[in-house]
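**Q** Just so you know, the sequences run in chain order F and P. For the first sequence, the residue numbers in this note's numbering are 1 to 383. For the second sequence, the residue numbers in this note's numbering are 1 to 186.
Warning: the hint list may mix true and false statements.
[Stated by the list, open to error] Pairs of lysine-lysine residues, derived as PhoX-like cross-links and limited to a Cα-Cα distance of at most 20 angstroms, are as follows:
1) P:K3 with F:K180
2) P:K3 with F:K183
3) F:K183 with P:K2
4) P:K96 with P:K40
5) P:K144 with P:K183
Hints were generated in silico from the structure; no laboratory data involved.
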Amino acid sequence: MPTVIPIGPFHPALKEASFFKLQVEGEKIVGGDVKFGYMHRGIEDLATQKTYHSVIFLAERVCGICNTVHSTCYTQTVEALMNIEPPDRARYIRTIVFETERLQSHLLWFGVGMHEIGYDTAYMYMWREREHIVEILEAICGKRVNLGINTLGGVRRDITVEHRRFIEAKMDIIEKSAKKIAKIITEDRILKGRVKDIGVLTKDDARKLCVVGPTARGSGVDIDTRRDEPYAAYPNVEFEVPIEENGDILARTLVRLKEIFQSIGIIRQALKNLPEGPLSLEELPYPRAGEAFGRVEAHRGELLYYIRSNGSNRPERVKIRTPSVVNNNALLPMMLGETIADVPIILASIDPCMSCTDRVTLIDTGRNSEREILLSDIRKQFR
Amino acid sequence: MKKNILLEALRSLANPSTTKYPKQPYVPTDGYKGAAEYDKDKCVGCGACAQECPPGAITYEDTESTRKLRLNYGLCSFCGRCEEICPWDAIHLTKKFELAVYDRKDAETGIDVPFFECIDCGRIFLPEPQMRASLERVEKTLAKYKIPKEDLVHLISVCPRCAFSVKNMPERRMFMRRLVEAKADA
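Please take these sequences and the hints and turn them into a complete structure.
**A** Shown next, in the form of structure tokens:
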């Protein structure tokens, strides 16, 4: 009979409310249950009560770290409904802000990951470097988070020559510190011991669980929306999609590390080729009655928006599928067979975002578990 | 190992990554989206900001003589939509970001705009500055048709209900006819 260790929903080790029920034999995890839904805010319903323009700011507030991702995906979907194309300059500015945000998200993740395994010095280093990127965002958009750069049919703020010089100078600093981070990750033996061959997600499992983003790429699944279905200025810039085959935490870390260098490259190219022209369209048509899908590659994986319109000024239905929803499914297969001490870093390794996730509740039961009370409880609750 | 620690300590001393914030005030960059404030000279009280505000932080209340526009900083998301939408360029995001207050009621800004009373029946129907500003906007067009501004003043100083009253109808129709004729001449 395995011992059951409940973690959460409110627990000092968790930054956001979620519930983990782990079944252990000694130190080894043999089963478990993951329960989300404590951060439900009813955003999808609220979106149907606001005008198309107001929902941009609402979409940004789904998640604080990846806010431009949400607003870009939403505006692209509505632009598809309106049959309009934003001007070239707007598409490039979107790409620059998008990638800058990816940099800050990945550096933040490195910090959190280091903190989870008790390497607080590196955590402070990463967050110090992240500050440079947040300064870029503040200079361009006027805010550090919830940037509000996107609007329907373009962007709201321009990148001036001074901004360009500022960003280029900061990119040199970031590249230098990213190389330092790479040195820490690849050369530190203690760090490697903590993350190598831990939390393995095989390529087969990754395909079966439909994981996305760095979690999938760390397991050797070659997917990236930026390359597969290019949007914004991605058709015009050159970049590589880093793939790692091992599927352990180190692989996912290395994927993110390589993505940092790719992002720096993309930002430099976009700044170099920034076309002249208007920032946004002057007049917007009403969206046609119908439905549209939008996909972008968020920092955590593929983000999907579905909007149904009835031709009025309010969307009839907005469905948001965030990357964390699918990635959270992979937590349990990663944890099985590992020790309790590895749970925090395994949790952190997929970069979960509970507030992103909690528009749905997902249920998973331990394979060797004899207690399935929680599953039936939830089934009863949601039937 | 010790050498690295020393190096890092010296580097941090020479080039610190934090500031002594409350003592040394933080000045945001240009274009920072801080607390929004009304421009008392420009605001006409049309309420476009209240209609568009995404989180609904701006509201207005019509009392007997004034329209009270209120912006609640507790609900504001500092998106800058009001600044973008304002037709009169009367609300601006400032660099203010230290908005903590002891009393919830203090966390707001606003503007009271006087109403204009209908010169016939005395009913309120439009903020006074808005009427004035509207008149200024049509002045150029009227000048093009050689119609003096004063001819319009009485017509737009009556509320919609009085404008269609029997007493005011002839003047209204005459004005419309003058407009049509002037347009035909042009």
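**Q** Within 20 angstroms, alpha carbon to alpha carbon, are F:K183 and P:K2?
**A** holds (18 angstroms)
**Q** P:K144 and P:K183: Cα distance at most 20 angstroms?
**A** holds (9 angstroms)
**Q** Given the hinted pair P:K3 and F:K183, is their alpha-carbon gap at most 20 angstroms?
**A** Measuring from Cα to Cα gives roughly 18 angstroms; hence the hint holds.
**Q** Can you confirm whether the C-alpha distance between P:K96 and P:K40 stays at or below 20 angstroms?
**A** holds (18 angstroms)
**Q** Has the given pair, P:K3 with F:K180, been kept, meaning a C-alpha gap of at most 20 angstroms?
**A** Given that 20 angstroms is the threshold and the Cα spacing comes to 17 angstroms, the pair holds.
No hint from the list above goes unmet by this structure.
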